[in-house]
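Enquirer: First to last, the sequence lines map onto chains S and F.
Letter by letter, the first sequence follows residues 6 to 120 in my numbering.
Letter by letter, the second sequence follows residues 27 to 137 in my numbering.
If you're looking for bench data, these hints aren't it; they were derived computationally from the structure.
Just so it is clear, CB atoms sit at the ideal spot from N, CA and C, and this is done for glycine as well.
It cannot be assumed that every hint is accurate.
[To be verified] Away from chain S, derived, C-beta distances all over 12 Å, residues of chain F:
1) His45
2) Thr52
3) Glu71
4) Ser87
5) Pro129
[As the list claims (entries may be wrong)] Sample of chain F residues with no beta-carbon within 10 Å of chain S, all distances over it, derived:
6) Lys29
7) Glu41
8) His75
9) Thr78
10) Asn80
11) Ala89
12) Asp93
13) Ser96
14) Leu106
15) Asp108
16) Val126
17) Gly128
[Claimed, not checked] Below, a sample of chain S positions facing chain F; criterion: calculated Cβ distance under 8 Å:
18) Trp12
19) Leu95
20) Gly108
21) Ser113
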Amino acid sequence: SQTIHQWPATLVQPVGSPLSLECTVEGTSNPNLYWYRQAAGRGLQLLFYSVGIGQISSEVPQNLSASRPQDRQFILSSKKLLLSDSGFYLCASIPGQGLSNYGYTFGSGTRLTVV
Amino acid sequence: DAKTTQPNSMESNEEEPVHLPCNHSTISGTDYIHWYRQLPSQGPEYVIHGLTSNVNNRMASLAIAEDRKSSTLILHRATLRDAAVYYCILRDDNYGQNFVFGPGTRLSVLP
């Protein structure tokens, strides 16, 4: 079974500072990887997904970017954080080719507060 | 994306069964029905999924209507730990679509 490692668990950053959140996956190869954000009291918003190394699709235009330098590594970045970037960031993975008969595995999340 | 409709919130008493409904009247023949739940301050976790037949696992049961336009997640004996937001999601295998999470149903379990 898949295991997703996400760190840090909590982060407080000033406005205008850079951001780097890392997610690594164990127990599968060639997964589809996802970054979601959840604002306080809200639903999950898909930010980015990747079907392979170097392949990134963005769902919404924003202050963030994503990269996939290795098969099981997914990084979320920002050059300058905004207050609106605060939220709960979740990495998720689906094994293999992302077929529907498989479910997501989510990481434990990073709670980011921009001050 | 095929859409789902769930009640915003539900309440249950501890150790009683809970039936969480989901309507998906525009479901296509290749859409799988997935259920996830999110405990407070945690990432969502997989609960169960199915295509046409009812499904059972150690966490819950999934009852799918014969016309597949609705489904029900059944927790046989609710515990306080089952208090969470429950998401019903459709995903089309043919197109490898991403999961789209709606607002879900917030389940409260009363002691």
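Enquirer: Against this structure, judge whether each hint is valid.
Expert: Structure-based check of each hint:
{"no.": "1", "hint": "His45", "in the structure": "holds (21 Å)"}
{"no.": "2", "hint": "Thr52", "in the structure": "holds (16 Å)"}
{"no.": "3", "hint": "Glu71", "in the structure": "violated (7 Å)"}
{"no.": "4", "hint": "Ser87", "in the structure": "holds (16 Å)"}
{"no.": "5", "hint": "Pro129", "in the structure": "violated (5 Å)"}
{"no.": "6", "hint": "Lys29", "in the structure": "holds (13 Å)"}
{"no.": "7", "hint": "Glu41", "in the structure": "holds (28 Å)"}
{"no.": "8", "hint": "His75", "in the structure": "violated (6 Å)"}
{"no.": "9", "hint": "Thr78", "in the structure": "holds (13 Å)"}
{"no.": "10", "hint": "Asn80", "in the structure": "holds (17 Å)"}
{"no.": "11", "hint": "Ala89", "in the structure": "holds (18 Å)"}
{"no.": "12", "hint": "Asp93", "in the structure": "holds (20 Å)"}
{"no.": "13", "hint": "Ser96", "in the structure": "holds (19 Å)"}
{"no.": "14", "hint": "Leu106", "in the structure": "holds (21 Å)"}
{"no.": "15", "hint": "Asp108", "in the structure": "holds (18 Å)"}
{"no.": "16", "hint": "Val126", "in the structure": "violated (7 Å)"}
{"no.": "17", "hint": "Gly128", "in the structure": "violated (6 Å)"}
{"no.": "18", "hint": "Trp12", "in the structure": "violated (13 Å)"}
{"no.": "19", "hint": "Leu95", "in the structure": "holds (5 Å)"}
{"no.": "20", "hint": "Gly108", "in the structure": "holds (4 Å)"}
{"no.": "21", "hint": "Ser113", "in the structure": "holds (6 Å)"}
When each numbered hint is compared with the structure, violations occur for hints 3, 5, 8, 16, 17, 18.
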